[in-house]
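**Student:** The lines below spell out each chain.
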Amino acid sequence: MHKVWTIARHEYLVNVRRTGFIVMTAMVPLLGALGLVVASFFGGQASAFFERQFAPEPKQIGVVDHLGAFTPILPTHQDRYHLFADEEAGRAALKADEITTLLVIPQDYVESGQVMVISKGGGFSEAVRVDSASMRAFFVNHLVRDEVGPTLRQRLADPIEPVLVSLEGEGKPGGGPLNVALNFMVPYFLGLLLVMSILVSSGYLLRGVAEEKTSRIIEIVLSSVTAWELLAGKVLGLGVLGLTQVVVWLVSALGLSGGAASLLGVAVPLLAHSQVFFLGLVYYLLGFLVYAVLMGAAGSLGTTMQESQQLAGIFSMAAAIPLMISGFVVSNPNVLLLRVLSWFPLTAPTMMLLRLPMAKVPTVDIVGSIAVLALSIPAVLWAGAKVFRTGLLMYGKRPALAQVVQALREA
Amino acid sequence: MTQNMLEVRNLVKRYNGFTAVDDLSFEVYEGEIFGLLGPNGAGKTTTIRTVMDIFKPDAGAVQVLGQPPGVAKGRIGYLPEERGLYRDIKVLDVLVYLAELKGTPRPVARQRALAWLDRLDLADWANRKVRDLSRGMQQKLQFVAGLVHDPELLILDEPFQGLDPVNVELLKGLIRELQAQGKTVVLSAHQMNLVEALCDRIMLIHRGRAVLYGPLDEIKRRYAPNAVRLRTSAAIQGLPGVARTEQRDGVFTLTLEGTTPQAVLRTLVERDILVEAFEVATAPLEEIFIAVVKEASDA
Chain A
58 MHKVWTIARH EYLVNVRRTG FIVMTAMVPL LGALGLVVAS FFGGQASAFF ERQFAPEPKQ
118 IGVVDHLGAF TPILPTHQDR YHLFADEEAG RAALKADEIT TLLVIPQDYV ESGQVMVISK
178 GGGFSEAVRV DSASMRAFFV NHLVRDEVGP TLRQRLADPI EPVLVSLEGE GKPGGGPLNV
238 ALNFMVPYFL GLLLVMSILV SSGYLLRGVA EEKTSRIIEI VLSSVTAWEL LAGKVLGLGV
298 LGLTQVVVWL VSALGLSGGA ASLLGVAVPL LAHSQVFFLG LVYYLLGFLV YAVLMGAAGS
358 LGTTMQESQQ LAGIFSMAAA IPLMISGFVV SNPNVLLLRV LSWFPLTAPT MMLLRLPMAK
418 VPTVDIVGSI AVLALSIPAV LWAGAKVFRT GLLMYGKRPA LAQVVQALRE A
Chain B
868 MTQNMLEVRN LVKRYNGFTA VDDLSFEVYE GEIFGLLGPN GAGKTTTIRT VMDIFKPDAG
928 AVQVLGQPPG VAKGRIGYLP EERGLYRDIK VLDVLVYLAE LKGTPRPVAR QRALAWLDRL
988 DLADWANRKV RDLSRGMQQK LQFVAGLVHD PELLILDEPF QGLDPVNVEL LKGLIRELQA
1048 QGKTVVLSAH QMNLVEALCD RIMLIHRGRA VLYGPLDEIK RRYAPNAVRL RTSAAIQGLP
1108 GVARTEQRDG VFTLTLEGTT PQAVLRTLVE RDILVEAFEV ATAPLEEIFI AVVKEASDA
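Respectively, the protein sequence lines represent chains A and B. Here my numbering runs 57 ahead of the position in the first sequence, where the first position is 1. Here my numbering runs 867 ahead of the position in the second sequence, where the first position is 1.
The set of hints was computed from the structure by calculation and includes no laboratory data. Please note: incorrect hints may appear among the correct ones.
[Said to hold, decoys possible] BS3-like mimics (lysine-lysine), calculated; alpha carbons at most 25 Å apart, straight line:
| no. | chain 1 | residue 1 | chain 2 | residue 2 |
| --- | --- | --- | --- | --- |
| 1 | B | Lys957 | A | Lys60 |
| 2 | A | Lys60 | A | Lys443 |
| 3 | B | Lys1161 | B | Lys1087 |
| 4 | B | Lys996 | B | Lys957 |
| 5 | B | Lys923 | A | Lys443 |
| 6 | A | Lys60 | B | Lys996 |
| 7 | B | Lys1161 | A | Lys60 |
| 8 | B | Lys1087 | B | Lys1039 |
Please build the complete structure, drawing on both the sequences and the hints.
**Tutor:** Right, here's the structure in full:
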C-alpha cells in the first residue's frame, strides 16, 4: 500500500506541473473573470447584458405607414421609431445610417400581417429583431391605441410571464427566462467540465504509461512493484489530480460569484441542486475509474504514443457519444436512447453527468447506472491489470488479440 | 556458511509453443559474481525476467534470497537489458523515486542518491533533467538507479551493452567493489573477455538449456586444448608427443598428444633449450563458447 501511495504522489507531482494541466485548470477561472469584466463593463446588470446579447434590438427604426394606424407615433415609442413619408425617404435614411431598419407597413396589413423589413445587412438577425418584445409592443400599442387601457395593452404585447413550478416541489419563481436558462446551463456546463476533466486526466494516464513503456523504464518499475500496484497508484494519483482541477474550478466559480459575480447567477443553480452536485461527484469518480483503467491498459498495448492514442480513441469515442448528442440531451433528457446509454458502462458516467442537471432523472436509472458501474469497475480493473502487465513488456510489437485473451486467461 | 542467493530448479518458460527456457537449473552463491552466457535468443533474459517476477514460470521453482520471486523485490537491484529513465524529471528525483519504489525511506534514498552522484561526478547534474545529460552520463545514472537502494543481490542483464570504453571500465570496477562489499552479482553478457575478467562461476545457455555450468577456472581447465605455449629463439623440432607446432611472433604453440605439459618441460630442460617463457595453454572463453555452442547445435 505504501508503494501505491509513492506512485500516486509521484504521478500527481509530475502531472500537476504539466503546462497542459495548468492551462486547462486556469482557463475556467480566467473565463469567469473575463465574464465579470465584460458584465461590469456593460453596466451593472449582467442579465440585461445577456438579454441584449440574445435578443438584440435595433437602435433606430424608420416606419412608412400606408395603413395610417401608426401615425402619429405614440410618445412612448417616439425615441426609437420615426415616420417617413414614403419608402424612398426611408431608404435614403437607411443608406445614410440614420436608421438601422425600415418597416414598410402596407394598407392591407391588418388582413395579411405582412410587413416589409428593409435593412442593410438583412437576413436572419433582422427577422429575429422584428420578432422582439419591444417591436411587438410597438405594433400592439398602435393597433389598439384607443380601444383598451394601458395595462391590457401591455398584456397583449407580452401575454405570458412564465413561472416554472416542477412537481418535485423545487418550483420557485425563476425570475425570467434568463434565470431559467442559467438554472439549466450552469449545471449542464459543470457536467461538461467534469466529462472533460475525466478525459483529460485519464489522457495523462495513457500518456504516462505509453511514456514509461517507450522509454523502457517500465521494467525497472515492474521489478520494484507489481503491475497492480503501478496501475492503482497511477489511477489514484491522477484521480486526485482531476479532483484538484474540479475543486479549483468550483472554488473559483464560488469565489467569483461571492463577489459581484453573483449577478452572473453561477453559484445559485449549483447550490440549489445539491443532490445533482453530490451525484455528479459520484459519477465523476466512477467514470474516472473506468476510463483511467481502460486508458492505462490501452497505453500499455501500443508500441508508440501514437499507437496507444489510437487504441484509446475507441474509448474516448464512447465517452464522447453523449457529448455529441448533448443538444438532444438538453431537450429530451429522459428519452429511451439516452436511458439505454446511461446503462452502458462506457457511456454511463458522461451520459448521467449530462442528464442529471437537465431534469428529474428516474431513480431506477440512477441506481441502475451506479450499480452497472460499480460492478464493471472491478472487472475492468482486473482485466486492465492483466492486459497492462502483458502489454507493458512487449516492445516493438503490439500484442495480438489472442495474446491479450491469453493474458486474461493466465490470471 | 555459503547461502544460496538464487536457486533455479527445472525452470521452463514457453511462449506460444516456443520453449524459451527448457528445464534450467542453477544456483548462485552468496558473494560471487555469476555469469550467464549464451547467444542471442538463448533464454538469458527470459530466465532473468522470471527471477525478477516479471514473468511467471510455466514449470519449475525459483527461490530468490530464500523466497519465491517477487517477495524480496526491495533487496534486489536490477539493470534490465532494455534500459530507460524518466527523461523529463530531475536526476535526483528519478533516483529517489526508484529507491522509494524499492522501499527505501525518502530521506535515506536522497542521501544515498547524492552520495552516488557525487561519486560518479554527476553531483552538478542532480537538479537537471535527465534529458539534458549526455549519453555517457545517462549510462552512469542508469547503474546508480539499480544500486541506490543498496541491494544484496544485483542482477545485470547485458550491463556492458552500448557502453563507451570509459564506462565499461567504471562498471567493471564498480562490480568488483560491490563484490568486495559482500554483494552477490549475476550478470549476463556477450563480451567474453569481460566475463573472464569478472566472473567466479558461469553458466552457458543455448536454446534454453544449460550446456556448461560451473566455476570458470575449472571449465577453462576442462576445455584446455592440451597444448603448451613457449617463447624461445632455439629450434625445437623432434620433441616427443608433440603432434603439431605453430609459430607466431616468436611464440610456439605445441599441440600435445600422449604426453603432458610437465613431460614436455622436462624434455626442454634436459635438452638445455633456452626457454624465455612457458605456459600451459588455456582456450579463451570465447573459443570454448563457440565450440560448445557449435557442438550443441550439431547434436
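**Student:** Take the C-alpha atoms of B:Lys957 and A:Lys60, compute the straight-line distance between them, and say whether it is at most 25 Å.
**Tutor:** 20 Å, holds
**Student:** If you draw a straight line from the CA of B:Lys1087 to the CA of B:Lys1039, is it 25 Å or shorter?
**Tutor:** Holds. B:Lys1087 to B:Lys1039 sits at ~21 Å (cutoff 25 Å).
**Student:** So if I understand the rule, the pair passes when the alpha-carbon distance is 25 Å or less; does B:Lys1161 with A:Lys60 pass?
**Tutor:** 47 Å, violated
**Student:** Hint check: B:Lys996 vs B:Lys957, CA-CA at most 25 Å. Holds or violated?
**Tutor:** Holds, at about 4 Å.
**Student:** CA of B:Lys923 to CA of A:Lys443, is that 25 Å or under?
**Tutor:** Holds, because 13 Å separates the two Cα atoms, which is no more than 25 Å.
**Student:** Does the alpha-carbon distance linking B:Lys1161 and B:Lys1087 stay inside the 25 Å limit?
**Tutor:** This hinted pair holds, its Cα atoms lying about 17 Å apart.
**Student:** Does the alpha-carbon distance linking A:Lys60 and A:Lys443 stay inside the 25 Å limit?
**Tutor:** Holds. A:Lys60 to A:Lys443 sits at ~19 Å (cutoff 25 Å).
**Student:** Would the pair A:Lys60 and B:Lys996 pass a check requiring their Cα atoms to be no farther apart than 25 Å?
**Tutor:** 24 Å, holds
The earlier numbered hint that this structure contradicts is number 7, and it is the only one.
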